[in-house]
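Visitor: Construct the entire structure; sequences and hints are all you get.
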Amino acid sequence: MTMELSAGAAKRRGAGGWRWAGRIFLVLLLGFTVMPMIWMFITSLKTGFAAMQYPPQWWPAEPTLENYWRLIDPSGTVGRDFIQYFWNSIWVSTLTTILAVVVAVPAAYAFSRFRFPGRNFLFFAVLLRNMFPAVVFLVPLFILMKALGLVNTHGSLILTYLTFGLPLAIWLLKGFYDNIPVQLEQAARIDGATRFQAFLLIVMPLSTPGIIATSIYSFIGAWNEYIYAYTFLTRHDQMTLPVGIQRFFSENATDWPGLMAATFMMSIPVVVLFLVLQRYFVRALTEGAVKH
Amino acid sequence: MAQVILKDVVKNYGDVYAVNHVSLTVEDGEFVALVGPSGCGKTTTLNLVAGLIPMSGGTISIGDRDVSDLDPKDRDIAMVFQNYALYPQKSVYKNLAFPLQMRKLPKDEIDKRVQAAAKTLDIVHLLERKPRELSGGQQQRVALGRALVREPRAFLMDEPLSNLDAKLRVQMRSEIKRFHQDLNATIIYVTHDQLEAVTMADKMAVMNGGFLQQYDSPANVFANPVNMFVASFVGSPAMSLIPLTASSKDGRVVLQSPEGWELPLSDANGRKALSAKSSKVVLGGRHSTIKVHKAQVPGSVPGKVYTVEPTGDITFAQVFVSGAVVNVSVAPSFQLRPDEPVFIEFDQDRLHLFDGETEMALKLE
Amino acid sequence: MSTVPGQAIFRDVPEPKRVGLGQKVWSSRFDYLYVAPALLVMLIVIGYPIYYTIELSFFNTPASLALSAKQFNGLDNYVTILTSPIFWKVTWQTVLWTVLSTFFAFMIGLGAALALHREFVGRGFLRALLLIPWVVSAVAASYVWKWLYHSDFGAISAMLSGVGLIDKPINFIDNTNTSLYALIVVNVWKEFSFAMIMLMAGLQTVPDTLLRAAQVDGASPWQRFWHVTFPHLSGVSMVTLLLLAVQNFNSFIIPWIMTGGGPAGSSDIWITHIYQLAFGRQRWGVASAYAVILFIVMMVLGYFYVRALTKGDEARAGA
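Chains as they are written, first to last, in our numbering: chain A, -12 to 279; chain B, 17 to 381; chain C, 1035 to 1353.
Hint data in this document are derived by calculation from the structure and do not stem from the laboratory. Hints may be right or wrong, so weigh each one.
Unchecked claim - Calculated lysine to any residue pairs in the SDA-like style (CA-CA distance at most 20 Å, straight line):
#1 B:Lys120 - A:Thr181
#2 B:Lys307 - B:Ser263
#3 B:Lys106 - A:Lys133
#4 A:Lys133 - C:Thr1243
#5 A:Lys133 - C:Arg1317
#6 B:Lys110 - A:Lys133
#7 B:Lys307 - B:Asp363
#8 B:Lys110 - A:Leu193
Stated by the list, open to error - Pairwise CB distance ranges, derived in the manner of DEER restraints:
#9 B:Gly152 - A:Leu187: 27 to 35 Å
#10 B:Gly73 - A:Met191: 33 to 41 Å
#11 C:Tyr1082 - A:Arg6: 50 to 58 Å
#12 B:Leu290 - C:Ser1061: 45 to 53 Å
#13 B:Leu121 - C:Phe1264: 56 to 64 Å
#14 C:Leu1074 - B:Tyr29: 25 to 33 Å
#15 A:Gly63 - C:Met1193: 30 to 38 Å
#16 B:Gly152 - A:Ile70: 28 to 36 Å
Quantities reported herein were computed from a predicted structural model and do not represent experimental measurements. For every residue, glycine included, the Cβ atom is placed at its ideal position computed from N, Cα and C.
Guide: Have a look at this one:
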């Protein structure tokens, strides 16, 4: 009796121990995760002089928003460039997203519903695209874009972003279509809808969460893309944020507070988008990987 | 309502035949159950009638029109699905209105018909709800309502009751039957549950392996199964089948068991047994036609009790006879114990004989 | 077929004609319309570049974009690569980078997923915070960490000396011994939450009844994890590990922005090296040959990737 009791107590202590280990782990991980982001923000509030101190000021003695004003002030050169980069990023990301969804929706639907000859091969080919690093495509695409006269245009970026956005978009959307019972469409067709009407009136509204999730993915992917933009764009007025910020930094090598303010500004749209639409985002990502 | 005629209908995927040369006629106002085990081709057949999948061969006509090449929307049929297939984003009202909107009926006409259908099915109070807020039985009614609202030429139902619990299933069974009688509707009803088919349908089409096995009234299918598959599929508990050998002895035909006992057959049954392709004959009997004795009587064969299942007003038992399991039933007062030796007697007028080679029922010419 | 009872009735029925591939393609011609736009885009921007990369890899190219002046040199580019000591150094660094990043991102993600599996107040918020590094741009992450690692004013050095671990600031990334590892930390920071979110979803598929049954059988928390939870996670883990490995193998931004592959090539990995060859030194042919080798390696990984991703896809019924 006593033996069993103490064994049970030990077991409970064991479980409690695991729980405490989990909590401590989470606290440490949280520190690891947010520390760089907090430091980015704190630094962005410093003057150039305050940033260059050792040991650093953990909180600036005289916090200032000067670095942010400079970025959004259209009368200064820095502000003019930064606003231009920002709009370029928004424009490129938005257009990429719209095109990716428009092209991916029918393809994903077909891969989910139809069994045409070559379907598996084509689907594999689409998925395989994600395997290849940008650099494999970089040289020939650069030459192709040059031949098409697209170097230094947003067209070159949108076209390339589509190719890495599409496979992911198709895969994500297919996961959503797979989960919509085919009987709904059959019912609609019997109720008098054509195949296309059944898709438009019944399936499309049901896949809205999937389309939202796919859009966020495309948008964030395009927003953060660097390597193609870095290679295809050399003109300042065409640059997107990641490339623009790099240029900004290479010309002002020691302006860490300014750089931190710029990276902070660059992160805001995607982080806000992500936080607002988090549940779609997470669901889409795991839909395909975890079979129900 | 209209007649539905399937002529030599085939659906194959490469070498796999889901539906193999099926022909049958559903008369105007008839309730036909397509029944068979899963994978027998019954749902595929229904989908072919609906036009949801293209046929590989044959023709289907509804009323006086050949609909073989028509889209589902042009066949003027309604369908009730196993999972109901209610549009989750639409309210019950909009679910019912959808088929009418697709046919571009005027708004007030749509409203009139939706209200009428809702009234018939007693779902008026649910019209503003979404499907996910309804119970299984309510969803079932809405699905029926969506089929009913359009006054189609035929109703197709794909296992509409299989997602309901046992009690609700019995209730909905009588409601669908009532629905059929009131509307005098042509209904093709797919089910894997032979009891549903027997209790509801005017005719049942038993399918297996893509082939139509037998198409007749439930009473005839029950009384005269054409082959061993139909015999063992229809009826609960299933018909018992014992493989034996037929031979002539002293001018009479007897069935011999490998264990050594012999069962003499009546003249008529003897002639049937001899018409088999070989001496292999399978003896079949339903529990209601088999008597159980504690001591041997003339014409009985030995067996051993395996399990006893009292159900209250009747006791079922399984008896091993010559290596086969035979379902029998006795009065509750008749005590049986597992492993007890018993003797069972077949009613010579109601036993079934099958050709051991072709599995077809043996008949007199 | 001959075992089907009742077939005898129809024994004299002729078999229907076989359907040829051409007929099948023709009968599903409208299905192709749905995938055509996607395929067209991908053909232009993928098919052509792959072809062109393979072609270029067999040529000696001028150090300009006047590539019509290229000369065929057979396998010379491949020989150059495989006999160069730099190739093996970069390959070793790439393996280190890929394996270590993948391993730590996965293990930290697994720990976080397990710790977050239990319901508690603020769990959703915590999960969102942990996911942010994965959402922010790698360019932003690189600059922030570069600043944290700064040899004179770095916050990490300051913190370490604050707790008395070191006396003077450490030079993390301008040091041939530490640069690669310093970058791996950044990479793990950036992508562990991807593993976390995948594994959290995987954990939801572990049946509670099994865990309870194991508890009744007297299994300790560790035994329950090892014998019940972990086997259920194997599918998701496979996909996650593969995706992480592929992504790490293809990494570019973090090393490129933080060190440019330096100092002295100590943090160079395949992609940065190829980029340097192509756009830095304009050796298009050699860079293409590198890309082709990479391509072959990826094809092998890709086989497993596609298999893991499409598992169960065929089981789903189509219309």
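Visitor: Does each hint fit the structure? Answer for all of them.
Guide: The hints, checked one at a time:
About 14 Å separates the Cα atoms of Lys120 of chain B and Thr181 of chain A, which keeps this hinted pair within 20 Å; it holds. Note on Lys307 of chain B and Ser263 of chain B: the hinted pairing is violated, with a Cα-Cα distance of about 24 Å set against a maximum of 20 Å. This hinted pair does not check out: Lys106 of chain B and Lys133 of chain A have alpha carbons roughly 51 Å apart, beyond 20 Å. About 61 Å separates the Cα atoms of Lys133 of chain A and Thr1243 of chain C, which puts this hinted pair outside 20 Å; it is violated.
At most 20 Å may separate the alpha-carbon atoms for a hinted pair to count; Lys133 of chain A and Arg1317 of chain C meet this at roughly 18 Å. The straight-line distance between the Cα atoms of Lys110 of chain B and Lys133 of chain A is roughly 55 Å, outside the 20 Å bound, and the hint therefore fails. With a C-alpha separation of about 8 Å, the suggested pairing of Lys307 of chain B with Asp363 of chain B holds against the 20 Å cut-off. Between the alpha carbons of Lys110 of chain B and Leu193 of chain A the distance comes to roughly 15 Å, so the proposed pair stays at or under 20 Å and holds.
Range check, Gly152 of chain B to Leu187 of chain A: about 29 Å between beta-carbon atoms, so the 27 to 35 Å window is met. Remark: the range hint 33 to 41 Å for Gly73 of chain B to Met191 of chain A is upheld by a beta-carbon distance near 35 Å. The hinted window of 50 to 58 Å between Tyr1082 of chain C and Arg6 of chain A holds, with their beta carbons roughly 56 Å apart. With their beta carbons about 52 Å apart, Leu290 of chain B and Ser1061 of chain C fall inside the hinted range of 45 to 53 Å.
One distance hint, 56 to 64 Å for the beta-carbon pair Leu121 of chain B and Phe1264 of chain C, holds here, with the actual separation near 59 Å. Between Leu1074 of chain C and Tyr29 of chain B the beta carbon distance is about 30 Å. The supplied range of 25 to 33 Å therefore holds. Checking the proposed 30 to 38 Å range against Gly63 of chain A and Met1193 of chain C shows it holds: the Cβ atoms sit about 35 Å from each other. A hinted range of 28 to 36 Å is violated for the C-beta pair Gly152 of chain B and Ile70 of chain A, which are about 58 Å apart.
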